[in-house]
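Trainee: Residues per chain are reported as follows:
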Amino acid sequence: MNVVKVDGKNSKHRVLLYALSTCGWCRKTKKFLTDNSVAHGYIDVDLCTDEEYEQICRDILERGGRIAFPTLIVDDSRLITGFNVDEIREALEIGNT
Amino acid sequence: MNPDEEFLISLLEGLRENEEPLMPMQASRAATGVFELDRDIICPCDYRDPDCEEYGYCYCGLYVRKDVAEKRLPIKPIPEWRPSEKLARAYSKEDVTVSEKPVEEIKTTLVSEEHLAEVLKMWYCRQCGYVCFREEPPYVCPICKAKREMFSRLTVKIIG
Numbered sequence: 001m002n003v004v005k006v007d008g009k010n011s012k013h014r015v016l017l018y019a020l021s022t023c024g025w026c027r028k029t030k031k032f033l034t035d036n037s038v039a040h041g042y043i044d045v046d047l048c049t050d051e052e053y054e055q056i057c058r059d060i061l062e063r064g065g066r067i068a069f070p071t072l073i074v075d076d077s078r079l080i081t082g083f084n085v086d087e088i089r090e091a092l093e094i095g096n097t
Numbered sequence: 001m002n003p004d005e006e007f008l009i010s011l012l013e014g015l016r017e018n019e020e021p022l023m024p025m026q027a028s029r030a031a032t033g034v035f036e037l038d039r040d041i042i043c044p045c046d047y048r049d050p051d052c053e054e055y056g057y058c059y060c061g062l063y064v065r066k067d068v069a070e071k072r073l074p075i076k077p078i079p080e081w082r083p084s085e086k087l088a089r090a091y092s093k094e095d096v097t098v099s100e101k102p103v104e105e106i107k108t109t110l111v112s113e114e115h116l117a118e119v120l121k122m123w124y125c126r127q128c129g130y131v132c133f134r135e136e137p138p139y140v141c142p143i144c145k146a147k148r149e150m151f152s153r154l155t156v157k158i159i160g
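First to last, the protein sequences are chains A and B.
FYI, in the numbering used here the residues of the first sequence are 1 to 97.
FYI, in the numbering used here the residues of the second sequence are 1 to 160.
Excised from the complex, chain B in its bound form (with noise of 0.2 Å):
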């Protein structure tokens, strides 16, 4: 987290209004409501682990690299690098047709000609990662903190 408190908090209050209206929307960058267009800018962003592995601290300026929180170094503004056409979808969301399914499912095969022992319900959270094994995915990721909807399914055959 950005070590400059007043700079944090400032942040972190731009969180909670979007969040209040919508979701946890990134605080930088303008949002249209939509949960698919929004997907990739809902805090944590799709674009903070590269951003801070090449400048130190997310575009947001709410991450920051332990090293550089540590020595205090300068944390200034970094370039937006989210793809333009999903910018431009961002200020023309009446173009897009927008799955109205709340989580997509994706389907995983295991190649084997060999017989399936257990066909198991997989979740994973499209944020960070997280893997569960459940009926329905969990109402809060317990790693990062995203939302149900930010699950997927993952189907997956476990050859036995």
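In isolation and in its complexed conformation, chain A is listed as follows (with noise of 0.2 Å):
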């Protein structure tokens, strides 16, 4: 599978995000990562094969999440659904610049 690493200079947490390269919400997500130097990996899922997006639905839905991008799992636990904004900055430890 192909995940894209971002290097950043936040790295407190493991971020994995999965994305789909053509939904407005994901690239805000990928932005506001970069922005705030979170060093992430992302995968677009919509660019994946057919096997590899059954695995990744599988994954959310082990987790507990729905099947809706992006969906952000902080640290191998914690799942986020949506670009919510305030959750992820508290997830990620990021305060309001």
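Accuracy of the hints is not assured; some may be wrong.
Stated by the list, open to error - Pairwise CB distance ranges (calculated):
1) A:Gly8 to B:Arg134: 14 to 22 Å
2) A:Val6 to B:Glu136: 23 to 31 Å
3) B:Asp49 to A:Thr34: 29 to 37 Å
4) B:Gly33 to A:Thr34: 23 to 31 Å
Hints are computed from structural coordinates only; laboratory data are not their basis.
The C-beta atom is built at its ideal place from N, Cα and C for all residues, glycine as well.
Once you've looked at the hints, go ahead and assemble the two chains, each given alone in its own frame, into the complex.
Mentor: Written out as structure tokens, the structure reads:
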């Protein structure tokens, strides 16, 4: 599976983003992470193979999420659906600037 | 349309990228590429009007209600309420048997014992509800620009 790695100064948390390459909210999420210099990896699930896509959906469901994008997984434990800035800030310990 | 120019451009780019290999799929939802499975999320999607009414904008954020756009009210992500069985089907499409028929036919009968004067071919756009009488459906819906595949035939018996 093609995980795109993005470096950043903030590497306090392990951050994985499931996104759609065409989605405006996913783009906003990627921009937010980059702007806040959060080290993360992302997967554009619409560009994955069917098998990979199924695997990702299963992963999201097993974590109790809904199949919606963006889905952010923090430290392999916390799942955040959607570009919910406040929740993302809190999970990644990013203050309001 | 979303008044935030940068966001709007990003959404339109997403739609265009989706349109090239497939159809004008909604940019914020994952599509299967199987028309009948994706039909409800092809932009403008089935969820747009209820979402615009309830939240003031659609799930993608492309369509924004006039008052929200004019007042420049904040546009935040809204919950997904596409039925979960559709979401589930979307990621296990091999389990689904899909009708090969590109255009489904819906028969409407106006009940009457009186004689039928005429039988007309009538097509309606499943996206916006536009209706026309003609031999074949239009290539593009003149109202919402949906593609021909989005039209279904209605057989209506006009009672004379």
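Trainee: Run every hint past the structure and note whether it holds.
Mentor: Hints and how they fare:
no.	hint	in the structure
1	A:Gly8 to B:Arg134: 14 to 22 Å	57 Å, violated
2	A:Val6 to B:Glu136: 23 to 31 Å	50 Å, violated
3	B:Asp49 to A:Thr34: 29 to 37 Å	34 Å, holds
4	B:Gly33 to A:Thr34: 23 to 31 Å	30 Å, holds
This entry does not satisfy hints 1 and 2, going by the numbered hints stated previously.
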